[in-house]
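Enquirer: Got chain A sorted already, so can you dock chains B, C and D onto it with the hints?
Going down the list, the sequences are from chains A, B, C and D. The numbers in our numbering rise by one with no breaks, and the one at position 301 of the first sequence is 301. The numbers in our numbering rise by one with no breaks, and the one at position 240 of the second sequence is 240. The numbers in our numbering rise by one with no breaks, and the one at position 20 of the third sequence is 20. The numbers in our numbering rise by one with no breaks, and the one at position 98 of the fourth sequence is 98.
The reader is advised that the hints may include incorrect statements.
Copies of the same chain are indistinguishable here, so a pair counts whether it falls within one copy or spans any two.
[As the list claims (entries may be wrong)] As a list, the in silico SDA-like pairs of lysine to any residue whose alpha-carbon atoms are at most 20 Å apart:
# : residue 1 : residue 2
1 : K403      : H356
2 : K403      : R362
3 : K62       : D80
4 : K62       : E90
5 : K403      : Q352
6 : K403      : E363
7 : K99       : N414
Quick caveat, the hints were computed from the structure, so don't treat them as lab data.
Number of protein chains: 4
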Amino acid sequence: MPRTAVPNVLAERYASEPMRQIWSPEAKVLRERELWIAVMRAQRDVGIPISPEAITAYEQVKDRVDLDSIMARERVTRHDVKARIDEFCELASHQQVHKGLTSRDLTENVEQLQTLEALRLVAHKTAAALARLSLRAGGYADLVLTARTHNVPAQLTTYGKRLAMFGEELLGAMEQLRHLIATYPARGLKGAVGTQLDQLSLVDGDPAKVAKLEERLLHHLGFPAALGAVGQVYPRSLDFRVVSVLTELASAPSSLAKTLRLMAGHETASEGFAPGQVGSSAMPHKMNSRSCERLNGLHVILKGHLTMASGLSGDQWNEGDVSCSVVRRVVLPDAFFATDGLLETFLVILEQMEAHPAAMERENLRYLPFLLSTTFLMEAVRHGVGRETAHEAIKEHAVAAAKALRDGLAAESNLISRLAADPRIGLSQDQLAECLQLGLTKTGAAREQVAAFQSAVQRLLPSYPGAETYQPGTIL
Amino acid sequence: MPRTAVPNVLAERYASEPMRQIWSPEAKVLRERELWIAVMRAQRDVGIPISPEAITAYEQVKDRVDLDSIMARERVTRHDVKARIDEFCELASHQQVHKGLTSRDLTENVEQLQTLEALRLVAHKTAAALARLSLRAGGYADLVLTARTHNVPAQLTTYGKRLAMFGEELLGAMEQLRHLIATYPARGLKGAVGTQLDQLSLVDGDPAKVAKLEERLLHHLGFPAALGAVGQVYPRSLDFRVVSVLTELASAPSSLAKTLRLMAGHETASEGFAPGQVGSSAMPHKMNSRSCERLNGLHVILKGHLTMASGLSGDQWNEGDVSCSVVRRVVLPDAFFATDGLLETFLVILEQMEAHPAAMERENLRYLPFLLSTTFLMEAVRHGVGRETAHEAIKEHAVAAAKALRDGLAAESNLISRLAADPRIGLSQDQLAECLQLGLTKTGAAREQVAAFQSAVQRLLPSYPGAETYQPGTIL
Amino acid sequence: MPRTAVPNVLAERYASEPMRQIWSPEAKVLRERELWIAVMRAQRDVGIPISPEAITAYEQVKDRVDLDSIMARERVTRHDVKARIDEFCELASHQQVHKGLTSRDLTENVEQLQTLEALRLVAHKTAAALARLSLRAGGYADLVLTARTHNVPAQLTTYGKRLAMFGEELLGAMEQLRHLIATYPARGLKGAVGTQLDQLSLVDGDPAKVAKLEERLLHHLGFPAALGAVGQVYPRSLDFRVVSVLTELASAPSSLAKTLRLMAGHETASEGFAPGQVGSSAMPHKMNSRSCERLNGLHVILKGHLTMASGLSGDQWNEGDVSCSVVRRVVLPDAFFATDGLLETFLVILEQMEAHPAAMERENLRYLPFLLSTTFLMEAVRHGVGRETAHEAIKEHAVAAAKALRDGLAAESNLISRLAADPRIGLSQDQLAECLQLGLTKTGAAREQVAAFQSAVQRLLPSYPGAETYQPGTIL
Amino acid sequence: MPRTAVPNVLAERYASEPMRQIWSPEAKVLRERELWIAVMRAQRDVGIPISPEAITAYEQVKDRVDLDSIMARERVTRHDVKARIDEFCELASHQQVHKGLTSRDLTENVEQLQTLEALRLVAHKTAAALARLSLRAGGYADLVLTARTHNVPAQLTTYGKRLAMFGEELLGAMEQLRHLIATYPARGLKGAVGTQLDQLSLVDGDPAKVAKLEERLLHHLGFPAALGAVGQVYPRSLDFRVVSVLTELASAPSSLAKTLRLMAGHETASEGFAPGQVGSSAMPHKMNSRSCERLNGLHVILKGHLTMASGLSGDQWNEGDVSCSVVRRVVLPDAFFATDGLLETFLVILEQMEAHPAAMERENLRYLPFLLSTTFLMEAVRHGVGRETAHEAIKEHAVAAAKALRDGLAAESNLISRLAADPRIGLSQDQLAECLQLGLTKTGAAREQVAAFQSAVQRLLPSYPGAETYQPGTIL
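Bound-form chain A, shown alone (with noise of 0.2 Å):
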């Protein structure tokens, strides 16, 4: 019977090829095989007789992966590694690989280095996802807008600001994982329960000369750091430190999602639209966040990853065990896919979304007169009405005012027509007017906390050569 095959949905749906790449199963061969090298080139320096005829032949033949020749010799041997050894050795014609290693000393550190490459994919995504923020942080820093608490106005602010606010808390989660990054370890070549006594074999029990070819390694391979004194396995509180990070990063664009959807269902901004695209034919109004609502479901499933990590942390038995095995076949690959997906998404969004300004004057002028009553009361004052008059009459027309916004009498509030309309008042429609243009400029700090938060931005983007320019994939 023909086996029915199932791809990886986040890999295969959200996931960007280079993305892909790093977590294919063919990949994750190869770079075996040259984590197989670079130890026997670290073996021969330290002493350990190794031909170079091997190590070449070896080179040669290593881009051959071939996955289904790998499995036929797994259901034999039933023992993955053992399969790829005998797979690469008959290809090179030589028997010099995994001398003095365990399998986990070559497992561990290959999925270190998948992970830590899929880290640095990430961070310059992210660094991308910043540049593009910071322009449109820049771009919308006058557009004032009505900010809401509780949903519902509050003040006002302008939209570049609320892009900003969210842009803070991504270059925050951007420092932790530049901190994980550059303090990243791996577990090195421990052996079987991490004393390292197969390699001490190797070499006469010489300390110092294990302690050289471990770090000749581990440099080769570009781990910013190693552990020492592991067990079988690497500590999987680790793991929960890369899926955490990541779960963080996922914050910031979760949040400035969700409030676009919020928006869209105000019209005054909306995901936007591809070129050629309409929201629906039949309701040419319709601004659907479908983006945005998949850019907030991948950072539900990312909370469920860190479920999955964090249910391996803190359960190592002795020096361990494999009930992670599967948990890390599963979590690994798909936090990555997750977080890859999302950040696409959010580059698109961010290349594609629309602000409605119209829309947002709209609400302004609706929720502002409410605003500036002591405002009013003040001028009133200072043309000579009494200040208990107007503050009564003031406080009436509001009062009325509101309840006719909210029993729907009238579709913009009418406070400024009242007020201009009552002699005890004694302010024109002019001066009123006047007034609300004023209003209309307090935003504060709003402007100073982008220019702040775009110097930031500007400030990282050189560690990120490329970034500037990274172009997001399609998208389905």
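Expert: The following block gives chains B, C and D in isolation, referenced to the frame of chain A:
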């Protein structure tokens, strides 16, 4: 650039072929076509004009599923359901499907069908597991074992009783699963926002006809119940309920697996080996619990799926959105793949697990004497020794024997020989040995509890024909 | 140094007094004493010699609960159950309680009693919530509302139908809760490792007597079912099941609350205010959804409790340990406090929530014209206009009107007036208005769905006398 | 009706007094008052007219915290911050606090202060734990132990190395904690929607003055950093980061505790007992791991808190709402109570834990022979025996000895005596014993790894004066 393919690791490595088929992309397309055909039939029945020829034409081509062709269409339409409609219609040379339906009328019901079918498969395998567990519990009903609490010896029990204990937990979860299957409600044909407006339009607004149409369809599909007032989607707390039941179902197997891992450490039991398999050529005593560890890992994964599912529930905005879409694409199939893999692994363990009675007896003898100190006291008194004299002597020896064990001075408790050698106590080695022998029978109602568990399983099995003889697939 | 007291914030700020009483330290002591007394009675019934005077003596002092005195004893004995035995015995001047029991025979059953009682309280309040929701759904059954999917307008529905939608979800969860209560099994008196050895010893090994003793006790305590083969503890997946049902129960209220927060942003509805309360003195239009936000927060907390409970399940070592102890001390009471607070908050919202029909109508009018473009077309054709001419003209105006709305050039859609002004279409303002009026009735089967929900609630309520008139407490 | 009081069980039973004080209701009121005073001082510095007398008056009454009086006010105002303002002002007979502040300017910063203080307390205790762990690892640096993978014997290691392994994991988490503390940013005074509008109004719109005011305040409070662009609230992903670091911190102690529970089952080690404490009077050999179990339970609780915290992140609507409020009231204090209780428990375990060298040696001897079979072979050949003859003989005995062990026919491996008795091999009992003795030294780089761990701890400790001698409180 060729696209890197990444398989779903849970499906590929752990789940069985029938579960893969339920969730395969091809099967989904086929099920959608069957639903469309069923809808056309039901629509005809209530008087909507659809020609029998059209239905026949669709019937004849429904098995011709070409995912690539559909994906090519989706890239143009940017709408997945539209692409599948077009493909099916072109194959049949008719345009009669999807009349009065919205996308969710199709996709929600089909995903629920997959869910229901998967639940039934899980129930069948759970029944198979209970049958085997019952067999094992019966087989070991009289095998005395030192029960442990806090991981240290506590009292005697039997191995059969220990297995029945986990078995009864599984029975409880099975009862939840059966309740879920028996009451699982379909969303039905409810239209874009749940008001059935579009179906009503097709039948001139006659609610009775729409009710009949829907009832006929759901009956045809085999749903036990249907929802009434829904939105664009059925409530996501229903998905949560499904994943929650699966997570509970994994608990008893997981506890049993963890206990087997502990027992393997004490060499009292192991998960067993396939014929011909050896633990480790270097270390013939090694009994690695790989399958048990895997089972525990799959449970950790399910807990992550539960977090994902709980992240969807209680988050419906108005009549619904699609932030759940990506999550459900992952969590529904994957939770079932994990559960299926877990049950397959569990069945293999139940098939191959081995008890080591000699090691159990060694433990019993090692710890039993301490449990019997008061029995020895009463026996000494019965033979005429003063109570206080005997008490003092026994306590002295018990403490010394425990200390000797802890300090490793003795491999087994020497309490009995110590007591026999002390003239103050007046009991011979034989008399003491008799007490000990009697002590070994102190397993309380263990036997009755095993029998009760077995009866409960017997009552269940007739509902699952074939379960008792179900053979799990080979696991990697 | 005086010890700083920290109250349980869920209990103190959100839960009701009856729920606090169930989980209070005093109530637990009292329940334990009642269980001891019930055990003594049952033991007497099967022939174990316990004097009636002793039982009476215990009865008379059972209400004298002095936590400080018990804690002082615990500091000496370092064993909490021993401390409570000593206290009770000294008060009664007898030493007859806890005969043949282990600590878990006491604590497990008492905690299960608390759980069952708390579940019943939750069911009662859920019935109360359903009664109110039914009332609200009925009251708003004809209030037409623009349904939203993706948070943007989709089709018409009624507000009553929207409420019934969440109501039906709650009904489904209620059904789960009722099933749980009806089948919730007690651990019973099973002894240190679950074999009932110690109770058997008291009755000369007669299993029938032990069965009778246990049955009598559980019947007295009011459990609907009992477990058979357990270890030191009952399976922790049972706690998981409880928390899982509570989490599902929170979903419908949480979705409704989230939707109300969205509606408040559009001023179409609000959670309402207590009489005399104002939103904000500075901003009289402000309708903060504090209670809805709180409800959503309590749901988030429950999901955390679910993670805790799932962390216990499947982690039983052998016959059990107490790594679950601290978790259950937190999760059992707190999950019920959170649920109780959530339901109390929900009931207040259901009591005070307000709809703003005028604002709803404004939305309907704003979006309806777009939904009716094909109706206009058919009407024009019916009046003799060429189909292609009319189609082109209508499409032109629809796109322009949508753009005007989006760009804020119009506060409401001017599609109708545009069409009326275009001679190509040949429909008068009145004819178009009539179409529009008719369009406003397109709410499908909304009314029938509301009625069906109300009937289901009516069938449920007789099982919960008093629920219909239950008044929630004042919330902070 | 008197209100039933329910204490916070994590605070009451597990956390230490200093941690309780940080989160006590009284301490929060006091901290708020101190923040208000600090704001007044900073406001004076930038020219806002506030009399020194007023500040002095507030200073003098700040310690008079009366929670009942505040609660009585809250019941009237229905606004918690307003109640606390009124109480403080009435005590001081001034009305100068909270000028230009919104509630969140007060509460966010105070909660962040509590968080920072609690993080510092956690870091101190972690340093204390590392100091003790280093001491223990050093003490057991040469104690040879059978390392286990898959819970079965694998190779030799030392107990010191095993402890250093968990120690290094804890060091890694400590580094995360230190990074978090060093970069933890305060929200600062940002006003109702984050634009600083109200503070700007007080200083005639001068951004430099507002910046100076805020900087002075945050410096006074001791924050290492500040956020720029925020909304009503700081991003909740910052709370997630805090809980995530705490969860990671718990991993190493949790793995060590789990391993101790396993070792107790083998009697090779135990968590020890307080002087005078006995395991169980009935069973003197019993070494219950109650503290280790508790520690594992507290880790499970933290994972639930993590789910709660992750439920808040990425869920900000616009400039923020208070759906996070109830969650943060629970999760912030409780995650710290759980962590504090976990560290206190861990310190007690590290203080009291006991190794049982004799039992370890027994295990080593039991399993070592199998590990040395190839050594025996080479030795036999060196003494003139034919390789194939020796190989066959040794394999024969190894398999038989393993089977005897598994079947319980031998308590210890009899491989050595078997080999000695077989003339085909030609090695005497003494020669074989010598091999065995040498085998016992095969602990690889264990000693160097312990030393490296100890050095790392030594480099850390000077930053935490007093940590090395910190004594945990008595645990229940």
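Enquirer: Using 20 Å as the alpha carbon limit, work out where K403 and E363 are close: within a copy, between copies, both or neither.
Expert: Answer is both; intra-copy 17 Å and inter-copy 17 Å each pass.
Enquirer: With identical chains treated as interchangeable, where does the CA-CA distance between K62 and E90 reach 20 Å or less: within a copy, between copies, both, or neither?
Expert: For K62 and E90, the Cα distance is within 20 Å only inside one copy (11 Å; across copies 47 Å).
Enquirer: Regarding K403 and R362, is the shortest C-alpha distance of 20 Å or less found within a copy, between copies, in both, or in neither?
Expert: both (18 Å within a copy, 15 Å between copies)
Enquirer: Quick one: K99 to N414, C-alpha cut-off 20 Å, is that within a copy, between copies, both, or neither?
Expert: neither (84 Å within a copy, 32 Å between copies)
Enquirer: Given identical chains, is K62 near D80, meaning Cα to Cα at most 20 Å, within a copy, between copies, both, or neither?
Expert: within (18 Å within a copy, 40 Å between copies)
Enquirer: Pop the pair K403 and H356 into one bin, within, between, both or neither, using alpha-carbon distances up to 20 Å.
Expert: between (27 Å within a copy, 11 Å between copies)
Enquirer: Checking K403 and Q352: alpha-carbon separation at most 20 Å within a copy, between copies, both or neither?
Expert: between (38 Å within a copy, 18 Å between copies)
Violation of the numbered hints given earlier is confined to hint 7; every other hint is satisfied by the structure.
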